[in-house]
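Engineer: Below are the chains, spelled out letter by letter.
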Amino acid sequence: MKRILSWMFAFAFLLAGSVQLLAQAATWEQVPIPALPAFHPPQPKRIVLPNGMVVFLQEDHELPLIDGVARIRGGGRSVPANKTGLSDIYGEVWRTGGTKTQTGDQLDDFLEQRAARVETGGGGDSTTISWSCLKDDLDDVFKVFVDLLQNPALRADKIVIAQKGLYDGISRRNDDPGGIASREATKLAYGANSAYAREPEYATVAAVTREDLVKWHQTYVHPNNIILGVVGDFDSAAMEARLRQAFSSWPKGAPTKDADVPMNPAKPGNYFVEKTDVNQSNIYLVGLGTTRKDPNYYAISVFNEAFGGGFSSRLFSDIRSTKGLAYAVGGGIGTSWDHPGMLRLIMSTKSQSTVESIHALDEELTDLAKKPITDDEIKRAKDSILNSFIFRFDSPGKVLQEKMAYEFYGYPLDFLEKYQAAIEKVTKEDVARVAAKYIHRDQMSVLVVGNSSEFDKPLSSLGTVNNIDITIPPPLPGIAGIGSDQP
Amino acid sequence: MKSRSVFCCVLVFILSTLAVSQDLTSFEKRITVKKLDNGLTVIICERPEAPVFSFFTHVDAGSVQDPMGKTGLAHMFEHMAFKGTDKIGSRDYDGERAALAKVEEAYSAYIAERDKTVNRDETKLKQFEQAWKDAIADADKFSAPYTNEFGKIVESQGGEGMNAFTNHDETGYNYSFPTNRLELWAYLESERFIHPVMRQFYKERDVVIEERRMRTDSNPVGRLLEQFTTASFAAHPYHRPTVGWMWDLNSFSATDAQNFFDKYYVPSNMVVAVVGDLKASEAMPIVEKYFSRIPARPKPDEATTIEPPQRSERRVVLHEQAQPIYLEGYHRPDYHSPDDAVYDAITDLMSSGRTSRLYRALVRDKQIASDSAGFSGMPGNKYPHLFAFYAIPIPGHKPDEMAEAIHAEIERLKKEDISDAELKMIKTRAKANLIRSLGSNEGLAFNLGLFQARYEDWRELFHSVERIDKVTKADIRRVANKTFVADNRTVGIIEFAPPAGPPPGSVPAPQGGVQ
Numbered sequence: 000m001k002r003i004l005s006w007m008f009a010f011a012f013l014l015a016g017s018v019q020l021l022a023q024a025a026t027w028e029q030v031p032i033p034a035l036p037a038f039h040p041p042q043p044k045r046i047v048l049p050n051g052m053v054v055f056l057q058e059d060h061e062l063p064l065i066d067g068v069a070r071i072r073g074g075g076r077s078v079p080a081n082k083t084g085l086s087d088i089y090g091e092v093w094r095t096g097g098t099k100t101q102t103g104d105q106l107d108d109f110l111e112q113r114a115a116r117v118e119t120g121g122g123g124d125s126t127t128i129s130w131s132c133l134k135d136d137l138d139d140v141f142k143v144f145v146d147l148l149q150n151p152a153l154r155a156d157k158i159v160i161a162q163k164g165l166y167d168g169i170s171r172r173n174d175d176p177g178g179i180a181s182r183e184a185t186k187l188a189y190g191a192n193s194a195y196a197r198e199p200e201y202a203t204v205a206a207v208t209r210e211d212l213v214k215w216h217q218t219y220v221h222p223n224n225i226i227l228g229v230v231g232d233f234d235s236a237a238m239e240a241r242l243r244q245a246f247s248s249w250p251k252g253a254p255t256k257d258a259d260v261p262m263n264p265a266k267p268g269n270y271f272v273e274k275t276d277v278n279q280s281n282i283y284l285v286g287l288g289t290t291r292k293d294p295n296y297y298a299i300s301v302f303n304e305a306f307g308g309g310f311s312s313r314l315f316s317d318i319r320s321t322k323g324l325a326y327a328v329g330g331g332i333g334t335s336w337d338h339p340g341m342l343r344l345i346m347s348t349k350s351q352s353t354v355e356s357i358h359a360l361d362e363e364l365t366d367l368a369k370k371p372i373t374d375d376e377i378k379r380a381k382d383s384i385l386n387s388f389i390f391r392f393d394s395p396g397k398v399l400q401e402k403m404a405y406e407f408y409g410y411p412l413d414f415l416e417k418y419q420a421a422i423e424k425v426t427k428e429d430v431a432r433v434a435a436k437y438i439h440r441d442q443m444s445v446l447v448v449g450n451s452s453e454f455d456k457p458l459s460s461l462g463t464v465n466n467i468d469i470t471i472p473p474p475l476p477g478i479a480g481i482g483s484d485q486p
Numbered sequence: 000m001k002s003r004s005v006f007c008c009v010l011v012f013i014l015s016t017l018a019v020s021q022d023l024t025s026f027e028k029r030i031t032v033k034k035l036d037n038g039l040t041v042i043i044c045e046r047p048e049a050p051v052f053s054f055f056t057h058v059d060a061g062s063v064q065d066p067m068g069k070t071g072l073a074h075m076f077e078h079m080a081f082k083g084t085d086k087i088g089s090r091d092y093d094g095e096r097a098a099l100a101k102v103e104e105a106y107s108a109y110i111a112e113r114d115k116t117v118n119r120d121e122t123k124l125k126q127f128e129q130a131w132k133d134a135i136a137d138a139d140k141f142s143a144p145y146t147n148e149f150g151k152i153v154e155s156q157g158g159e160g161m162n163a164f165t166n167h168d169e170t171g172y173n174y175s176f177p178t179n180r181l182e183l184w185a186y187l188e189s190e191r192f193i194h195p196v197m198r199q200f201y202k203e204r205d206v207v208i209e210e211r212r213m214r215t216d217s218n219p220v221g222r223l224l225e226q227f228t229t230a231s232f233a234a235h236p237y238h239r240p241t242v243g244w245m246w247d248l249n250s251f252s253a254t255d256a257q258n259f260f261d262k263y264y265v266p267s268n269m270v271v272a273v274v275g276d277l278k279a280s281e282a283m284p285i286v287e288k289y290f291s292r293i294p295a296r297p298k299p300d301e302a303t304t305i306e307p308p309q310r311s312e313r314r315v316v317l318h319e320q321a322q323p324i325y326l327e328g329y330h331r332p333d334y335h336s337p338d339d340a341v342y343d344a345i346t347d348l349m350s351s352g353r354t355s356r357l358y359r360a361l362v363r364d365k366q367i368a369s370d371s372a373g374f375s376g377m378p379g380n381k382y383p384h385l386f387a388f389y390a391i392p393i394p395g396h397k398p399d400e401m402a403e404a405i406h407a408e409i410e411r412l413k414k415e416d417i418s419d420a421e422l423k424m425i426k427t428r429a430k431a432n433l434i435r436s437l438g439s440n441e442g443l444a445f446n447l448g449l450f451q452a453r454y455e456d457w458r459e460l461f462h463s464v465e466r467i468d469k470v471t472k473a474d475i476r477r478v479a480n481k482t483f484v485a486d487n488r489t490v491g492i493i494e495f496a497p498p499a500g501p502p503p504g505s506v507p508a509p510q511g512g513v514q
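Chains A and B, in that order, are what the protein sequence lines are.
Counting from 1, position 339 in the first sequence corresponds to residue 338 in numbering that gives the first Met the number 0; the numbering is continuous, with no gaps.
Counting from 1, position 447 in the second sequence corresponds to residue 446 in numbering that gives the first Met the number 0; the numbering is continuous, with no gaps.
If you're looking for bench data, these hints aren't it; they were derived computationally from the structure.
Here the structure is a predicted model, which means the values were calculated and not measured.
Yeah, the Cβ is synthetic: ideal placement off N, Cα and C, and Gly gets one too.
Hints should not be assumed to be uniformly reliable.
Result set (DSBU-like, lysine-lysine): computed pairs, CA atoms no more than 35 Å apart in a straight line [stated by the list, open to error]:
1. A:Lys44 - B:Lys262
2. A:Lys82 - B:Lys423
3. A:Lys142 - B:Lys469
4. A:Lys256 - A:Lys322
5. B:Lys69 - A:Lys322
6. A:Lys142 - B:Lys278
7. A:Lys322 - A:Lys44
8. B:Lys430 - A:Lys322
9. B:Lys430 - A:Lys378
10. B:Lys101 - A:Lys424
11. B:Lys278 - A:Lys134
12. B:Lys202 - A:Lys214
13. B:Lys423 - A:Lys322
14. B:Lys69 - A:Lys82
15. A:Lys378 - B:Lys202
16. B:Lys469 - A:Lys134
17. A:Lys134 - B:Lys423
18. B:Lys278 - B:Lys262
Residues of chain B placed beyond 10 Å of chain A at every Cβ, according to the derived structure [unchecked claim]:
19. Phe81
20. Ala143
21. Ser336
22. Pro383
One-sided and incomplete, this derived list gives chain B residues near chain A with beta-carbon spacing under 8 Å [stated by the list, open to error]:
23. Arg477
24. Asn480
25. Lys481
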């Protein structure tokens, strides 16, 4: 019934449109909006090889390019704390360390002559290896991809370079106040030692050995741990045959278990990092959010859009446009795929309005109970999500990425289709309910990174202040920053 | 053997040229350009992949056009272009207009008193300031319930990626819509440049000042880039920061922003590129219907000085609570230079990927830097600008070592021909990069609009690759020898300096904390 009605409305608009073809609208509401033509994006073909490797093939013939990416279970959160940084080093050296038959440097030359790329990387819950090439170079480039996937050499000289890069990152991590704030806020939300928050240190990077990398590869890189997606200008049947030929004889590996990541949020309170070379404070209010598997995910999406999303949101309109307190402001209830996201309100403001701004953010939170998100705000948020929904799948590559994520995290493959219907059903009561359920100011922490000598009021006017020491633990002698000394 | 490799090269050249010209032919069929009677250029590119489109409005005015003493004005207007129009964002526009005029009167009285060098009356100054703030409060009553109405309309109608940028050379506005909102977009985007309203101007100015604090004042790299660029240009307005100097931001008025708009947001100074699932035969009349309403005005005089030759090295050294960085820049001609493609080839050779000379020398072999590259376009490229090099030293290494290592690579460029393999790599990559850039509505709208504005012909997007294809080894040596000389160089360095003791009154940092 609803569908018929909306179709009739669309038809009425169409008629209005044709009558006014040469007429100009005087206000935006008068502009005709015809129905959007039906659009059924191409769906990738899903194949499971006998050894458990899951493959998605997505043809896209617009340009003569073929790209592929394999996502492999196991990432930074499975690394022991005393080797934090291992997955970053692995993610780099997997590629730079070359294969058993070619050094990484030889691969560089071979690929760059074809303007092709084969790259690897380490993430929190997975590692990836990808390629991108002109379609005429597929034979050459695919060969490198397979060789690197199965036979990386992880050469020691490149481990040294990767470690130096990480040492450099560690040494620079207190240079930018935005970076400090983001890092420390994550520690407050998950606990400083949580695998979602911890940072590589000189000692943990130095502790990583070639044997660790070899063992990592042996443990995780098995066909039954891999989701491979290919998009581009190919014929699916031919690509399937190619992949079967390349991978069918690859034996299954022992199943791996994902890490159980404990979360120990900091005691709620006020936290402060002194930064004397800035004239602006970075402010975070943080707590824990939830996952996308949560049935409240849809109401949360609407809430986030209305509260801290784009130009239309409360935070943007109040804190930025009306009060002029910030350029960057935003926030919402974070939702990750398989663990709670962060609940956060973020802004940066001049030192002289630091405490004023914390009060302004507090007011936004109290207002949620006193002046709940209105019908108007809900309508605008839902319209915004639904009318822009098509941008979630307006290219074959985006559709492929979505499906690969659902596969990886064990979501139904039609998650996106269901999302739209679920958003439509969200009510004002749902939104008020999730705001009340997830946002508890007394369970949140306030973090300020700034120059206290310029503040409008001392932070202690908010209550007890815990100072965070961000001093970087120095490297052991002979490890980092000592010229050519090598670990 | 030799003749065979020459033959192969010729063959590769023909094949690759063919590929680019095939792309061009395909785009010729899908692109329609029309110059409207008011002088505005419209480009429509049909890309029927999904029922969506992206646009990019290119305005040929950037911070180089900021008036003296009013730096940051081009960027400030860009922010104001999101504040609505006479029909969007007001309860009663006639009333609001009168109230906004009073704000300007009060502000100009306040500023006149503030800037008196003799006989400034502090009591009067306070009164003027209060009168200005009161006038703002009155004007805000008309717009407060409709704050960000323009953005709210775009977002609730499904607008995606709404944003804008200002740089030294130009200003751009963009977002994407589902195709059934083409006419709505044409209405909104034209309306915005027919009758923008400078409402809530002084609050938005505070927002821009926060943007300056974030990007520049509170960020060591931001501070370095500002000081470096300022030192590099003595005469040309490239020496001024796009975001504006703090004093200017605290001085210019809504009237100044309106004047900037009146002078530079002229149809003949604008290109609108639209890319997506549209038919030009249907879309062009709609675009024309709405954008033709922007009144024709004379094209502004954008003549500016040419930076004179630099006669001695300049150095800027910042002592920061931050790890060291090394940066250097050499003056080069603007993007119209016949050598533009040679500079592009040098950029690619020095900076692109793990085969690049700087990566191999500084990161892989000497192991003194975590990253190093060289590139044109600093701080813009419409006017003569800088070709810059940087290196990020890893712990234990100093900026001077970066300079030495970069200079060694520059000397190699001057003295030795690059190899056949390198030259081929550069040319292959240029073609592949072009192809990779053609697969998105946003990217195409940006590039087509930019090239149309810069060359009055979007085809230059494709021709620029052909120009790189013609670059020779001798060109690279010639241009390197001409450009990379010490007297033509400005150096920018961050040296680490430990923080001074805690300032009086601050909370001492204890040991431990939450960690």
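Engineer: Now, for every hint given, state plainly whether the structure supports it.
Structural biologist: Hint check results:
no.: 1; hint: A:Lys44 - B:Lys262; in the structure: 55 Å, violated
no.: 2; hint: A:Lys82 - B:Lys423; in the structure: 42 Å, violated
no.: 3; hint: A:Lys142 - B:Lys469; in the structure: 32 Å, holds
no.: 4; hint: A:Lys256 - A:Lys322; in the structure: 50 Å, violated
no.: 5; hint: B:Lys69 - A:Lys322; in the structure: 24 Å, holds
no.: 6; hint: A:Lys142 - B:Lys278; in the structure: 42 Å, violated
no.: 7; hint: A:Lys322 - A:Lys44; in the structure: 51 Å, violated
no.: 8; hint: B:Lys430 - A:Lys322; in the structure: 49 Å, violated
no.: 9; hint: B:Lys430 - A:Lys378; in the structure: 46 Å, violated
no.: 10; hint: B:Lys101 - A:Lys424; in the structure: 48 Å, violated
no.: 11; hint: B:Lys278 - A:Lys134; in the structure: 29 Å, holds
no.: 12; hint: B:Lys202 - A:Lys214; in the structure: 57 Å, violated
no.: 13; hint: B:Lys423 - A:Lys322; in the structure: 56 Å, violated
no.: 14; hint: B:Lys69 - A:Lys82; in the structure: 53 Å, violated
no.: 15; hint: A:Lys378 - B:Lys202; in the structure: 28 Å, holds
no.: 16; hint: B:Lys469 - A:Lys134; in the structure: 25 Å, holds
no.: 17; hint: A:Lys134 - B:Lys423; in the structure: 19 Å, holds
no.: 18; hint: B:Lys278 - B:Lys262; in the structure: 33 Å, holds
no.: 19; hint: Phe81; in the structure: 7 Å, violated
no.: 20; hint: Ala143; in the structure: 7 Å, violated
no.: 21; hint: Ser336; in the structure: 25 Å, holds
no.: 22; hint: Pro383; in the structure: 30 Å, holds
no.: 23; hint: Arg477; in the structure: 25 Å, violated
no.: 24; hint: Asn480; in the structure: 26 Å, violated
no.: 25; hint: Lys481; in the structure: 27 Å, violated
Comparing the model with each numbered hint stated earlier shows that hints 1, 2, 4, 6, 7, 8, 9, 10, 12, 13, 14, 19, 20, 23, 24, 25 do not hold.
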